[in-house]
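Student: Sequence:
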Amino acid sequence: MRIPGLGCLKGCLFTIVILFVAGWLIWELSPLQEWIGTGKGYWDQLTDWFSTVTGWIEKVGGSGSGTN
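Heads up, the sequence shown stops at 128 in the working numbering, and the numbers go up one at a time, no gaps.
None of these hints come from the bench; they were simulated from the model. A few of these clues could be false.
[As the list claims (entries may be wrong)] The calculated DMTMM-like cross-link candidates involving lysine to aspartate or glutamate, where the alpha carbons are at most 25 angstroms apart (straight line), are:
hint	residue 1	residue 2
1	Lys100	Glu88
2	Lys119	Asp104
3	Lys119	Asp108
[Claimed, not checked] Each pair of labels, with its calculated beta carbon distance range:
hint	residue 1	residue 2	range
4	Glu94	Cys68	34 to 44 angstroms
5	Trp109	Val77	18 to 28 angstroms
6	Val120	Leu66	35 to 45 angstroms
7	Ser111	Glu88	35 to 45 angstroms
8	Ser111	Ile76	35 to 45 angstroms
9	Pro91	Leu69	34 to 44 angstroms
10	Val113	Leu73	14 to 24 angstroms
11	Ala82	Thr112	19 to 29 angstroms
12	Trp84	Thr114	33 to 43 angstroms
13	Leu66	Gly99	40 to 50 angstroms
14	Trp95	Gly67	20 to 30 angstroms
15	Gln105	Ile76	17 to 27 angstroms
16	Leu85	Ser111	19 to 29 angstroms
17	Ile96	Ile76	15 to 25 angstroms
Every residue, glycine too, gets a C-beta built ideally from N, C-alpha and C.
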């Protein structure tokens with residue numbers, strides 16, 4: 061059975077998986093961890109960066125709404 065549009069979706073999902081695996085390999089097999097100096101694992105560092113970025117976005121987005 062052929063589902064229209066599945067080729068593009070499958071390609072996009074596969075690309076995202078490949079990027080995460082490549083990022084993990086670079087993190088583990090290169091001195092990048094030591095250069096940054098956190099000592100955290102790959103997923104711990106990603107979640108830390110994600111929470112930092114979302115906090116920054118909330119701070120920027122919320123700064124203009126409280127002026128009235």
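Student: For each hint, tell me whether it holds in the structure or not.
Tutor: Hint check results:
no. : hint                                  : in the structure
1   : Lys100 with Glu88                     : holds, 11 angstroms
2   : Lys119 with Asp104                    : holds, 22 angstroms
3   : Lys119 with Asp108                    : holds, 16 angstroms
4   : Glu94 with Cys68: 34 to 44 angstroms  : holds, 39 angstroms
5   : Trp109 with Val77: 18 to 28 angstroms : holds, 19 angstroms
6   : Val120 with Leu66: 35 to 45 angstroms : holds, 37 angstroms
7   : Ser111 with Glu88: 35 to 45 angstroms : violated, 22 angstroms
8   : Ser111 with Ile76: 35 to 45 angstroms : violated, 20 angstroms
9   : Pro91 with Leu69: 34 to 44 angstroms  : holds, 36 angstroms
10  : Val113 with Leu73: 14 to 24 angstroms : holds, 22 angstroms
11  : Ala82 with Thr112: 19 to 29 angstroms : holds, 22 angstroms
12  : Trp84 with Thr114: 33 to 43 angstroms : violated, 21 angstroms
13  : Leu66 with Gly99: 40 to 50 angstroms  : holds, 42 angstroms
14  : Trp95 with Gly67: 20 to 30 angstroms  : violated, 39 angstroms
15  : Gln105 with Ile76: 17 to 27 angstroms : holds, 18 angstroms
16  : Leu85 with Ser111: 19 to 29 angstroms : holds, 24 angstroms
17  : Ile96 with Ile76: 15 to 25 angstroms  : holds, 23 angstroms
Of the hints listed earlier, those the structure fails to meet are numbers 7, 8, 12, 14, in rising order.
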